[in-house]
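**Student:** Each chain is listed here by its residues.
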Amino acid sequence: MKIKLTFWRVVFLVIMALGLYSTYVRYLHGLGAVSNMTDQFPWGFWIGFDCLCGVMLAAGGFCMVGAVYLFNVESLHSVVRPAVLTAFLGYLLFIVGLLFDLGRPWFIWHQLIYMNPHSVMFEVGFCVMTYTAVLFFEFLPNVFERLHLKTPIKWIHKVYPVLIVLGILLSTLHQSSLGSLYLIMPSKLHPFWYSPALPFFFFGSAVAVGLAMTIFESTQSAKALGRHLELSVLVRLGGALLVALWVNALLRFEDYLHRGLLRQILQPSYEAYFLWLELALSFVIPITLLSFKKVRLSPNWLYLASVISLFGFITNRLNVSLIGFETYVGHHYLPKWTEFSVTLMIVAMGFALFRVAVQYLPIFPKDDLVKQRATTVRSTMPIAAPVLEHAGD
Amino acid sequence: MSKALLYDSTLCIGCKQCEQACATQNNLPYNDSVAAEEVSSAHKFTAVLTHGDKFMRRLCMHCENPACASVCPVGAFHKTKEGPVVYDVWKCIGCRYCMAACPFSTPKYEWGSLNPRVRKCTMCPDRVKAGQQTACAEICPTGATKFGERDDLIREAQDRLRQNPSAYLPRVYGLHEVGGTSVFILASVKVEEFGYPASERVGDTPLPEYTGKVMDRIPDFIPIWSLVLGGIYWISHRRAEVAAAEAEEKKNGSAR
Chain A
1 MKIKLTFWRV VFLVIMALGL YSTYVRYLHG LGAVSNMTDQ FPWGFWIGFD CLCGVMLAAG
61 GFCMVGAVYL FNVESLHSVV RPAVLTAFLG YLLFIVGLLF DLGRPWFIWH QLIYMNPHSV
121 MFEVGFCVMT YTAVLFFEFL PNVFERLHLK TPIKWIHKVY PVLIVLGILL STLHQSSLGS
181 LYLIMPSKLH PFWYSPALPF FFFGSAVAVG LAMTIFESTQ SAKALGRHLE LSVLVRLGGA
241 LLVALWVNAL LRFEDYLHRG LLRQILQPSY EAYFLWLELA LSFVIPITLL SFKKVRLSPN
301 WLYLASVISL FGFITNRLNV SLIGFETYVG HHYLPKWTEF SVTLMIVAMG FALFRVAVQY
361 LPIFPKDDLV KQRATTVRST MPIAAPVLEH AGD
Chain B
394 MSKALLYDST LCIGCKQCEQ ACATQNNLPY NDSVAAEEVS SAHKFTAVLT HGDKFMRRLC
454 MHCENPACAS VCPVGAFHKT KEGPVVYDVW KCIGCRYCMA ACPFSTPKYE WGSLNPRVRK
514 CTMCPDRVKA GQQTACAEIC PTGATKFGER DDLIREAQDR LRQNPSAYLP RVYGLHEVGG
574 TSVFILASVK VEEFGYPASE RVGDTPLPEY TGKVMDRIPD FIPIWSLVLG GIYWISHRRA
634 EVAAAEAEEK KNGSAR
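Quick mapping for you: the protein sequence lines, in order, are chains A and B.
Those letters in the first sequence? Residues 1 to 393, by the numbering used here.
Those letters in the second sequence? Residues 394 to 649, by the numbering used here.
Excised from the complex, chain A in its bound form (with noise of 0.2 Å):
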């Protein structure tokens, strides 16, 4: 088999190659000389980005799971699978951003004999090891029908109640866990973010995340398989992503309110811009969108809202984990080329696995693919993850 250079594959090697010094980097000299992390700033873009964004853009998994099988919408069912596989991919690039931020990343098991039930850490640790777990046996019997094992399938089948029902629970405490974080800090973390509701909001907008991302990757991944999109699938998503961005963008309103603080993010200061972008991405700019019916209606224009809305969410998380400190610190935290590369690299990984995983696991309805292959119209909408399209060509 000859592999051919495609732009994509060498924007790809040259991710990986700086990744690869940077990790040179981080385990041979220390996270002094890796990232711009200072007893100021003990947590970093690893932790705003790798961890609370890269949980939250997985959530798609529990939520798809709860839409189709807790609550029995078949019409979705097309899209838990590589809502299944995102997540699963999504948390254990997680546990691999981990293994870079922790000073003593050799030592992360005694989490399982070392547990101090009062830290939220603790719980967010246990929950995302369990539901790795639990992810884990959700995409198994993508595996099992590859190799055409019935009887495994059946026996996960036959617990496929109790693994539900687990994710769930598990997702909304960690979910919301990561956002309880914060509630220790209230000294230190600006009040346009620091709220007794951080952990709603936290779970609240990974509920609308996770529609948005299951938006997005199965837009990207008809393109790059040169599938169909159901159009009846991502109209549902959308109405429902616009149901959850109200009552994220209304739930923050009432906080705001509720604090007295109303005037003072309308007055222009360095968080408020912040506060303003975010805002904007996440709420204003997409809830404007999907309010016409055309946009509603249009795979396109879905698409372009669910990316928007996407930003907004990642923007909201690197506030609350960045820039809400700023102030306090009294300096700007700007990560070093180094910690943004190890980031990149694991976004890569994530891609180019999903890749991989579709082409050679039964994520999609196979008849499907050979059939549409021929008839592939590509469509023109704008590429925000293009690693995708040529990666496994």
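Hints were generated in silico from the structure; no laboratory data involved.
Keep in mind the model is a prediction, meaning the values are calculated, not measured.
Some hints could be false.
[Claimed, not checked] Label pairs and their calculated CB-CB ranges:
1. A:Gly32 - B:Trp483: 19 to 27 Å
2. A:Leu231 - B:Ile615: 35 to 43 Å
3. A:Leu251 - B:His444: 40 to 48 Å
4. B:Gly505 - A:Arg263: 44 to 52 Å
5. B:Val432 - A:Leu251: 34 to 42 Å
Where a beta carbon is used, it is the ideal one built from N, C-alpha and C, also for glycine.
Given chain A, work out where chain B should sit, using these hints.
**Tutor:** Okay, now just chain B, sitting in the frame of chain A:
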């Protein structure tokens, strides 16, 4: 009984002997250049700060209800019954939540190390357990840093404020902050000028209570939410079953 430290900055002459004693006690390097560093760090657990003719010590406050101990996922920090908040390096996984959570930003990190530790003033737990004073209190030539029973020191600090009100700002820093600490500071100028957080900023509530409100609900939340989820599963699937059965019946009925 719980021990504590009382630091009276009006008695401090800035000799930095406490810094040196601390370094010796903890096997840390100490020389003129370390002495000149006016910040506590991974290699300097206490620092004497100089602003004109005023001095101020920075050290761990040894909170009564410490945030670092409550957030640590592996319980590497704990408050001993003698007073010191101590750290067990073996348990530590390096998540640095203690540093993020500490309202005084006390814990520091060995950023350059390949097996980094969190470092901070430990209030000489071995000495305290053996009935001795901390190294810094023992060496202090003026009694600016005084070691003793927590209750006694509170009384003494309040007496000093009462007897000499013109010499001090009327506040024992550490008495109420974050629910009380085991280090008390008396000063003639605001401790905030030396990097301590303002009293109103950190508040009187022990910080672990903020997370406790949420964490305490989890044991109830798990069974309730599992039941709700299980219930939804049962109802929605039962509905489908009933619908299928009815359809079947209808088919059979019409066939007959």
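**Student:** Does each hint fit the structure? Answer for all of them.
**Tutor:** To see whether the hints hold, each was checked on the structure:
| no. | hint | in the structure |
| --- | --- | --- |
| 1 | A:Gly32 - B:Trp483: 19 to 27 Å | holds, 22 Å |
| 2 | A:Leu231 - B:Ile615: 35 to 43 Å | holds, 39 Å |
| 3 | A:Leu251 - B:His444: 40 to 48 Å | holds, 45 Å |
| 4 | B:Gly505 - A:Arg263: 44 to 52 Å | holds, 45 Å |
| 5 | B:Val432 - A:Leu251: 34 to 42 Å | holds, 40 Å |
The structure fails none of the hints (numbered hints given earlier).
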